[in-house]
Amino acid sequence: MVRFLLRRVVYLILLAAIATTLAYFLAATQLNPKLRFEGRNPPPSPASVTATLNDLNMNPDVPVIKRYVTWVNGVLHGDLGKTILGQSVNQQISTRMWVSLRLVLVGSIIGAIIGCAIGAYGAVKQYRLSDHVATVISFVVLSIPIVVLCKLVQVVGISLNNATGTPLFFTVGEYTPGDSSWTSFPDLWDRARHMFLPTLVLVIASAAFYSRYQRSAMLDVLGQDFLRTAQAKGLTRSRALIKHGLRTALIPLTTFFAYNIALLFIGSFFVEIIFSWHGMGEYLVNAITTQDINSTAATTLFVAILVLLAGILSDVAYAALDPRVRVS
Amino acid sequence: MATPSEPIVLAEEENVLGETAPTSRGRLVVRRFLRRKTAVAGLIVVVLLFFAAFVGPYLTKWSYTEVDVNNPFSPPTTSHWFGTNTLGQDVFAQTMRGLQKSLLIGLIGAVLATGVAGILGAIAGYFGRYADRAVVVLIDLLLVLPSFLIVAVLSPLFRGKTWLIFVVLLAAFQWMLTARVVRGLTQSLREREFVASARFMGVPGWKIIGRHILPNMASFLIIDATINVSSLILAEVALSYFGFGIQAPDVSLGSLIGEYTNNADTYPWLFWLPSMVLVILVLAVNLVGDGVRDALDPNAQISGGP
Numbered sequence: 001m002v003r004f005l006l007r008r009v010v011y012l013i014l015l016a017a018i019a020t021t022l023a024y025f026l027a028a029t030q031l032n033p034k035l036r037f038e039g040r041n042p043p044p045s046p047a048s049v050t051a052t053l054n055d056l057n058m059n060p061d062v063p064v065i066k067r068y069v070t071w072v073n074g075v076l077h078g079d080l081g082k083t084i085l086g087q088s089v090n091q092q093i094s095t096r097m098w099v100s101l102r103l104v105l106v107g108s109i110i111g112a113i114i115g116c117a118i119g120a121y122g123a124v125k126q127y128r129l130s131d132h133v134a135t136v137i138s139f140v141v142l143s144i145p146i147v148v149l150c151k152l153v154q155v156v157g158i159s160l161n162n163a164t165g166t167p168l169f170f171t172v173g174e175y176t177p178g179d180s181s182w183t184s185f186p187d188l189w190d191r192a193r194h195m196f197l198p199t200l201v202l203v204i205a206s207a208a209f210y211s212r213y214q215r216s217a218m219l220d221v222l223g224q225d226f227l228r229t230a231q232a233k234g235l236t237r238s239r240a241l242i243k244h245g246l247r248t249a250l251i252p253l254t255t256f257f258a259y260n261i262a263l264l265f266i267g268s269f270f271v272e273i274i275f276s277w278h279g280m281g282e283y284l285v286n287a288i289t290t291q292d293i294n295s296t297a298a299t300t301l302f303v304a305i306l307v308l309l310a311g312i313l314s315d316v317a318y319a320a321l322d323p324r325v326r327v328s
Numbered sequence: 329m330a331t332p333s334e335p336i337v338l339a340e341e342e343n344v345l346g347e348t349a350p351t352s353r354g355r356l357v358v359r360r361f362l363r364r365k366t367a368v369a370g371l372i373v374v375v376l377l378f379f380a381a382f383v384g385p386y387l388t389k390w391s392y393t394e395v396d397v398n399n400p401f402s403p404p405t406t407s408h409w410f411g412t413n414t415l416g417q418d419v420f421a422q423t424m425r426g427l428q429k430s431l432l433i434g435l436i437g438a439v440l441a442t443g444v445a446g447i448l449g450a451i452a453g454y455f456g457r458y459a460d461r462a463v464v465v466l467i468d469l470l471l472v473l474p475s476f477l478i479v480a481v482l483s484p485l486f487r488g489k490t491w492l493i494f495v496v497l498l499a500a501f502q503w504m505l506t507a508r509v510v511r512g513l514t515q516s517l518r519e520r521e522f523v524a525s526a527r528f529m530g531v532p533g534w535k536i537i538g539r540h541i542l543p544n545m546a547s548f549l550i551i552d553a554t555i556n557v558s559s560l561i562l563a564e565v566a567l568s569y570f571g572f573g574i575q576a577p578d579v580s581l582g583s584l585i586g587e588y589t590n591n592a593d594t595y596p597w598l599f600w601l602p603s604m605v606l607v608i609l610v611l612a613v614n615l616v617g618d619g620v621r622d623a624l625d626p627n628a629q630i631s632g633g634p
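Respectively, the protein sequence lines represent chains A and B. Taking my numbering, the leading residue of the first sequence gets 1, the next gets one more, and so forth. Taking my numbering, the leading residue of the second sequence gets 329, the next gets one more, and so forth.
No lab work stands behind these hints, which were simulated from the structure alone. It should be emphasised that the depicted structure is a prediction, and the values quoted were computed from it without experimental measurement. Treat the hints loosely; a few may be bogus.
As the list claims (entries may be wrong) - Straight-line Cα separation of at most 25 Å, DSS-like style, residue types lysine-lysine; simulated pairs:
{"no.": "1", "chain 1": "B", "residue 1": "Lys489", "chain 2": "A", "residue 2": "Lys34"}
{"no.": "2", "chain 1": "A", "residue 1": "Lys82", "chain 2": "A", "residue 2": "Lys125"}
{"no.": "3", "chain 1": "A", "residue 1": "Lys66", "chain 2": "A", "residue 2": "Lys82"}
{"no.": "4", "chain 1": "A", "residue 1": "Lys243", "chain 2": "A", "residue 2": "Lys233"}
{"no.": "5", "chain 1": "A", "residue 1": "Lys125", "chain 2": "B", "residue 2": "Lys489"}
{"no.": "6", "chain 1": "A", "residue 1": "Lys34", "chain 2": "A", "residue 2": "Lys125"}
Unchecked claim - Now the stretches of chain A that chain B is said to cover, found in silico as 3 or more residues with beta-carbon under 8 Å:
{"no.": "7", "segment": "34-46"}
{"no.": "8", "segment": "61-71"}
{"no.": "9", "segment": "104-114"}
{"no.": "10", "segment": "294-306"}
Just so you know, even glycine gets a beta-carbon here, dropped at the ideal spot from N, CA and C.
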């Protein structure tokens, strides 16, 4: 078991390294940081442009390999380089990642729990009214692009504010400007009111998604003999369903969860941008539009590490849930 | 994706091969599809949208680039059915143009993605060894790479060129999960007698894949392609929203929605009408996909999903 996990970890680390390398080369050859200095008035001297680009390690005249080696050398020493504006990428990521992670983790975990509960319930009550209603709702939600869902939630939130006459929810930013502390109760309350709507978007989207898969996984399990056996040996139906049914049905979902974290991250980019949170999504889109090579590569590295962690976590969860894996 | 249904798909194919029933498989599938009212409704909506996308532009006197200088920010009227934008461009004409793009991107992309998945998955599963290793590593690698980022970085490549390059790029990140399932199905098919006998007769591997392996998972591939349509439409929206997809002056539903997001509160028709068309399209395509899956593979329990 430990050896299996160790081999997976090495494999995943290799994959992350290759993915980041690929992204660096793509970004370094496709993006053109020189564009930033064109069309300025007065035009900067070519020498100063070259000096700035050299300083940022983004000079297109330096061979890509050489720039890559410099960048990797920095990364191995814990330095992800500088953004196109000369700020430290480390600093950007270390503040922004928590903004995104707060959103994604809270949203996806609550969403997964609600989705699994709805899906499992729907499977148990197959073809009853509650199952049909859940199916229709999840179908409609899955057909709404996340951008439109964000706007919908915003509109509903604003109209709720108007209806109650008090601004209960905020649709812009992560906290009221000038008040970014975490310490007092009013600060936390302020953050919660900002966080509610964007998190709701992710919860709705991921709950709809997981409910479909959980429902089908649960239906597969419901027909199995071991559930009947469990009831025959004296368990009540609900106990048998939860202890033997739900647990088995969750197994295929764990792998799914891992690959969806990356997907959700992209989805959360829209949420961040529409709700004006300064997270990784905004960072990535800005990096590409401002021709920022280092930031683009660093974001890939970040997502790759996230997928890697999720992959390892899902392997562990798989082992914990499936006794066949644990024993062998 | 449909891993739990693997053996069922095979079992069904077997029944069909040894068919004794009087109704042909094709007719049976059509009948099963027609029995589902939601699927039929979805199909009708898709056909109507197709019709609207390609005939609609001729019904209105405005083209999607034309500027009605006297009527900027006009709400929906009899002249401008979906209203106009800042410049006075007709939003209906733009939406229909975008709908064309979304439909074509979804269909072409889905066929490409499922095609690549079928071929690479079958090669990996059938030949094993190095081919298998290579494909599995490629699949894992592409799953780790954030597709959004790669396509966005590559967007200068197809700027000013044909949008078909964009479709190919989208499809390039859509085949991996399917290829995994195809690989698994191929591995079990390879052990079957009819494949073994073909091999012993000296039929080359690529011919076995084309004649025996892929036709035997046709229903899975068709189901997968129909599901891919809606995910590709949504992927296009995501990229074009940020300006990394279809480029101006051409428009797509994604670029329209992206452009008009900031007008959603002040000029609601600009944002909500294209969005509504998009949601209806995706919902209809999903319903058709669900119906196709039930018709081809009635034992599979999975329904919905992206």
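Looking at the structure, which of the earlier hints fail to hold? 2, 5, 6, 7, 8, 9
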